[in-house]
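Just so you know, the sequences run in chain order A and B. Heads up, the first sequence is in the numbering used here, so the first residue is 1 and it goes up one at a time. Heads up, the second sequence is in the numbering used here, so the first residue is 1 and it goes up one at a time.
Think of the hints as simulated: they come from the structure by calculation, not from any bench. Hints are supplied without guarantee of correctness; some may be wrong.
As a list, the in silico DSSO-like pairs of lysine-lysine whose alpha-carbon atoms are at most 27 Å apart [claimed, not checked]: (1) B:Lys425 with A:Lys346; (2) A:Lys346 with B:Lys251; (3) B:Lys326 with B:Lys346; (4) A:Lys326 with A:Lys346; (5) B:Lys206 with B:Lys251; (6) A:Lys206 with A:Lys346; (7) A:Lys346 with B:Lys16; (8) B:Lys126 with B:Lys16; (9) A:Lys16 with B:Lys346; (10) A:Lys425 with B:Lys425; (11) A:Lys126 with A:Lys346; (12) A:Lys418 with B:Lys206.
Please read these numbers as outputs of a predicted model, since none were measured by experiment.
Number of protein chains: 2
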Amino acid sequence: MAKVKKAPRPRAEPPKGFRDYFGAEVTERAEMLGRITEVYRRYGFEALESSAVETVEALGKFLPDVDRPNEGVFAWQEADEDGAGDWLALRYDLTAPLARVYAQHRNDLPTPYRRFAMGPVWRNEKPGPGRFRQFYQCDADTVGAPSVAADAEICAMLADVLEDVGIRRGDYLIRVNNRKVLNGVLEAMGLEDDAQKDAVLRTIDKFDKVGKAGVRELLGAGRKDQSGAFIDGVGLMPEQAEPVVAFLTSKGTDSAATLANLRAAVGASDTGAAGVDELSEIADLLASQGYGPERIVIDPSVVRGLGYYTGPVFEAELTFEITDEKGRPRQFGSVAGGGRYDDLVKRFTGQAVPATGVSIGVDRLLAALHATGRVGGQAEGPVVVTVMERARMAEYQAMVAELRRAGIRAEVYLGNPKNFGNQLKYADRRGSPAAVIAGSEEFERGVVQIKDLILGARIAENATLEEWKERPSQVEVPRAELVARVREIVASSDREGS
Amino acid sequence: MAKVKKAPRPRAEPPKGFRDYFGAEVTERAEMLGRITEVYRRYGFEALESSAVETVEALGKFLPDVDRPNEGVFAWQEADEDGAGDWLALRYDLTAPLARVYAQHRNDLPTPYRRFAMGPVWRNEKPGPGRFRQFYQCDADTVGAPSVAADAEICAMLADVLEDVGIRRGDYLIRVNNRKVLNGVLEAMGLEDDAQKDAVLRTIDKFDKVGKAGVRELLGAGRKDQSGAFIDGVGLMPEQAEPVVAFLTSKGTDSAATLANLRAAVGASDTGAAGVDELSEIADLLASQGYGPERIVIDPSVVRGLGYYTGPVFEAELTFEITDEKGRPRQFGSVAGGGRYDDLVKRFTGQAVPATGVSIGVDRLLAALHATGRVGGQAEGPVVVTVMERARMAEYQAMVAELRRAGIRAEVYLGNPKNFGNQLKYADRRGSPAAVIAGSEEFERGVVQIKDLILGARIAENATLEEWKERPSQVEVPRAELVARVREIVASSDREGS
Numbered sequence: 001m002a003k004v005k006k007a008p009r010p011r012a013e014p015p016k017g018f019r020d021y022f023g024a025e026v027t028e029r030a031e032m033l034g035r036i037t038e039v040y041r042r043y044g045f046e047a048l049e050s051s052a053v054e055t056v057e058a059l060g061k062f063l064p065d066v067d068r069p070n071e072g073v074f075a076w077q078e079a080d081e082d083g084a085g086d087w088l089a090l091r092y093d094l095t096a097p098l099a100r101v102y103a104q105h106r107n108d109l110p111t112p113y114r115r116f117a118m119g120p121v122w123r124n125e126k127p128g129p130g131r132f133r134q135f136y137q138c139d140a141d142t143v144g145a146p147s148v149a150a151d152a153e154i155c156a157m158l159a160d161v162l163e164d165v166g167i168r169r170g171d172y173l174i175r176v177n178n179r180k181v182l183n184g185v186l187e188a189m190g191l192e193d194d195a196q197k198d199a200v201l202r203t204i205d206k207f208d209k210v211g212k213a214g215v216r217e218l219l220g221a222g223r224k225d226q227s228g229a230f231i232d233g234v235g236l237m238p239e240q241a242e243p244v245v246a247f248l249t250s251k252g253t254d255s256a257a258t259l260a261n262l263r264a265a266v267g268a269s270d271t272g273a274a275g276v277d278e279l280s281e282i283a284d285l286l287a288s289q290g291y292g293p294e295r296i297v298i299d300p301s302v303v304r305g306l307g308y309y310t311g312p313v314f315e316a317e318l319t320f321e322i323t324d325e326k327g328r329p330r331q332f333g334s335v336a337g338g339g340r341y342d343d344l345v346k347r348f349t350g351q352a353v354p355a356t357g358v359s360i361g362v363d364r365l366l367a368a369l370h371a372t373g374r375v376g377g378q379a380e381g382p383v384v385v386t387v388m389e390r391a392r393m394a395e396y397q398a399m400v401a402e403l404r405r406a407g408i409r410a411e412v413y414l415g416n417p418k419n420f421g422n423q424l425k426y427a428d429r430r431g432s433p434a435a436v437i438a439g440s441e442e443f444e445r446g447v448v449q450i451k452d453l454i455l456g457a458r459i460a461e462n463a464t465l466e467e468w469k470e471r472p473s474q475v476e477v478p479r480a481e482l483v484a485r486v487r488e489i490v491a492s493s494d495r496e497g498s
Numbered sequence: 001m002a003k004v005k006k007a008p009r010p011r012a013e014p015p016k017g018f019r020d021y022f023g024a025e026v027t028e029r030a031e032m033l034g035r036i037t038e039v040y041r042r043y044g045f046e047a048l049e050s051s052a053v054e055t056v057e058a059l060g061k062f063l064p065d066v067d068r069p070n071e072g073v074f075a076w077q078e079a080d081e082d083g084a085g086d087w088l089a090l091r092y093d094l095t096a097p098l099a100r101v102y103a104q105h106r107n108d109l110p111t112p113y114r115r116f117a118m119g120p121v122w123r124n125e126k127p128g129p130g131r132f133r134q135f136y137q138c139d140a141d142t143v144g145a146p147s148v149a150a151d152a153e154i155c156a157m158l159a160d161v162l163e164d165v166g167i168r169r170g171d172y173l174i175r176v177n178n179r180k181v182l183n184g185v186l187e188a189m190g191l192e193d194d195a196q197k198d199a200v201l202r203t204i205d206k207f208d209k210v211g212k213a214g215v216r217e218l219l220g221a222g223r224k225d226q227s228g229a230f231i232d233g234v235g236l237m238p239e240q241a242e243p244v245v246a247f248l249t250s251k252g253t254d255s256a257a258t259l260a261n262l263r264a265a266v267g268a269s270d271t272g273a274a275g276v277d278e279l280s281e282i283a284d285l286l287a288s289q290g291y292g293p294e295r296i297v298i299d300p301s302v303v304r305g306l307g308y309y310t311g312p313v314f315e316a317e318l319t320f321e322i323t324d325e326k327g328r329p330r331q332f333g334s335v336a337g338g339g340r341y342d343d344l345v346k347r348f349t350g351q352a353v354p355a356t357g358v359s360i361g362v363d364r365l366l367a368a369l370h371a372t373g374r375v376g377g378q379a380e381g382p383v384v385v386t387v388m389e390r391a392r393m394a395e396y397q398a399m400v401a402e403l404r405r406a407g408i409r410a411e412v413y414l415g416n417p418k419n420f421g422n423q424l425k426y427a428d429r430r431g432s433p434a435a436v437i438a439g440s441e442e443f444e445r446g447v448v449q450i451k452d453l454i455l456g457a458r459i460a461e462n463a464t465l466e467e468w469k470e471r472p473s474q475v476e477v478p479r480a481e482l483v484a485r486v487r488e489i490v491a492s493s494d495r496e497g498s
């Protein structure tokens, strides 16, 4: 009999590109998503939580024409009775599942169908710093509403979301553009060849990076990039490139000026005129609800996603400055984007159904709230009731029960109580605002000691003697006053922390 | 050139055994989990959200010794540069990831580590009615606390959770047992053979179903089941089976009586005595915090999981009656269970680390809240502002903006407004409490019509003429009073619905 080899110990780590979230990372995100949910619901949107797993067939793009269709997605084949079953995959976004759900239930769902969805998605990509293979998305879409009133509504809702999670008015700007205007510009240029149109679209996508002069070069003969490499151009004549440049730089001092510039840029194109009309209608609808250009603005320089969307396109940017990793100030940048895409369920049903929606970058928005100090920083830990005498455990438990009934996070130290220093180190590691201490002497005298740990830490650092005298970091109070005194300490440390 | 075959349309359905959750199904669960989070945090527990994907190696049990290790889990192999990479799998519970996370971060995490986790898990099992391959779990565990004070704390927390989500005191009972007591009973019986011990454990697991007489038969010669099939017995002598029966039926009129019965059942076994002491200590700790036997009770008839756990075992049952699918009354039954398991991370580190925890059946608890009417039933839909004149869209949008600013869910009808009946059908399908109607005549006179849809539906069914006169289902109000009047209607329909 072969000797059974003892299995080596497994590595205690998640797969490459995956990570865990601890404590405040989880609860802060949940709170933010809860606030977003409230806004979405106020706008009449309904929650949808689709399954994390879809058939590869329903997801599309990743058809099983190769042995393993895991290009970009995590996929596997079901083991059927006969052996080979369906290929399944983890969803890579929340839009593909929406298409499947709407196609499946279109006769039972209200039309228009406003839905929001929040949850993890998975990408089978090479992980990198800050680039994970599982991350959150948070989407809201309106399906079956062809009118731009639906697009305007999404923009207004996005503004409300940003303000309700804690971004101040003035610290964000939602910029709106329209793919139809760009199509009009391409018509005005007389471009007929699809390959050439695509090349122009790709060039426009680089406007953010290379600017006006760069776009001119790339539409013409070509351009040398920073590394010295030469990028071939589209090969248009300088005059021919002008409508594109005019389009990208048509933002005026107000909506009326911008719209006039755009009308000029699209020339005689009907598509272009329709696009400008749509932008004009969006601006009017938003103004009537009180969303002026200080919050939502028509801005033809928004190009991200213009290739993908079919009508209005929008992007939310945070305009306040943060310090980048090299210590230089820069704008925080984009936290959400979306637009209109008009063939959501065609793959399933053969019918084109219009849809428009927005996707919020959950991690980016949470990082922004941290950067502005709107989340984080508070003393979040529980009050720790230390254990001086094992035999008194029931009495310590009664203390935490009282504290909890008063709404205060509290726990008894449940490790080995022998080394008292370890108990205080534990409280420190938990970020506890206070520790409660009671030994036999305290029990006899009917009192407890309360150690103010936040104040204690501050005093250890930099408090003046006056502060120390005025509010010593450890006080003795009658047992009956435990809850009242702890509440005071927790309240004051919350004030200082926030 | 070969003709490209057009791909058939994909089926619009989720994979077998998966489902989607809509609207209130999502938000009600989220609210319940939010309330549970509050209780967990009040007890000092910290959130942990581990990755949904783990290496098969870290999950254990499912080692890649066969071609595809997807027995019970959804698994796939990473495509490395060299071809074959790690086997990855979706987590099948929240305990295996806790073990991996604690082993990985044990030097940085506080000890004891109290953590809670909520989220979907996946099982690659044959789906059936009401049996899905993705479902929610909601766990709380304390790692690194050997004392039964940790177990008592989990029981108290479970009671608080049930009451805070809306189960009334008296409608639930948490029953506590202890594996060590059972081990003592097995010792007292003189059982040495592990196979025989396992057979006794399996028999005990059936106590719920077969009762005292059934257990006696199954421990002895065997038993004919309802279908007439004969189940082989363990083959013990009748006297030898008595300690097990005594153990299972040792619940007395109060804790003291139960504990005395248990002491008799374990005879001279030290392990058994230690187990009884632990139960006694748990009862004392809970009593000192005000959790009496009307909420948490020592009950040796709790056998579910006794084979898996190593110390205290607990189960929460809802004691109110519901009507089963055949119209017969029955107790709602179990909604949560847990216990102590003392080798959580040994696979990773070689060291035994004690742990105790509870898992709440999310779907079961939510169903219970529905059964008691604590969730569901309210008018949840948005107020729908109908569109009589397309050109007035900005004015309709201004109305919903006002309603939303007052905290009222509201939306403009964004479908094709041509057929007004469709707009009211849409409002009906959304469960709207009210529809707002304004055409050119109303705009000229500065008024709006408000249709009370909940009242309208009631009147259509069964209202008296007096009710109709007193509160007609459609009223005309000045435009300036829109918000105030809609608020009244929404408030009254909430009252009636809840």
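Structure-based check of all given hints:
Note on Lys425 of chain B and Lys346 of chain A: the hinted pairing holds, with a Cα-Cα distance of about 26 Å set against a maximum of 27 Å. Distance restraint check for Lys346 of chain A and Lys251 of chain B: the Cα-Cα separation of roughly 64 Å exceeds the 27 Å cut-off, and the hinted pair is therefore not satisfied. Simply put, Lys326 of chain B and Lys346 of chain B have alpha-carbon atoms about 47 Å apart, too far for the 27 Å limit, and the pair is violated. For the proposed pair Lys326 of chain A and Lys346 of chain A, the alpha carbon gap of about 47 Å is over 27 Å, so the pair is violated.
Distance check on the hinted pair: Lys206 of chain B and Lys251 of chain B sit about 18 Å apart at the alpha-carbon level, within 27 Å; holds. About 30 Å separates the Cα atoms of Lys206 of chain A and Lys346 of chain A, which puts this hinted pair outside 27 Å; it is violated. Between the alpha carbons of Lys346 of chain A and Lys16 of chain B the distance comes to roughly 23 Å, so the proposed pair stays at or under 27 Å and holds. With a C-alpha separation of about 9 Å, the suggested pair Lys126 of chain B and Lys16 of chain B falls inside the 27 Å cut-off, and the hint holds.
A distance of roughly 23 Å separates the Cα atoms of Lys16 of chain A and Lys346 of chain B; the hinted pair therefore holds under the 27 Å criterion. Straight-line distance between C-alpha atoms of Lys425 of chain A and Lys425 of chain B comes to about 63 Å, which puts the hinted pair past the 27 Å bound. A hinted pair counts as satisfied when its Cα atoms are at most 27 Å apart, and Lys126 of chain A with Lys346 of chain A does not qualify at roughly 31 Å. Note on Lys418 of chain A and Lys206 of chain B: the hinted pairing is violated, with a Cα-Cα distance of about 43 Å set against a maximum of 27 Å.
Violated hints, listed in ascending order, are 2, 3, 4, 6, 10, 11, 12; each of the other numbered hints is respected by the structure.
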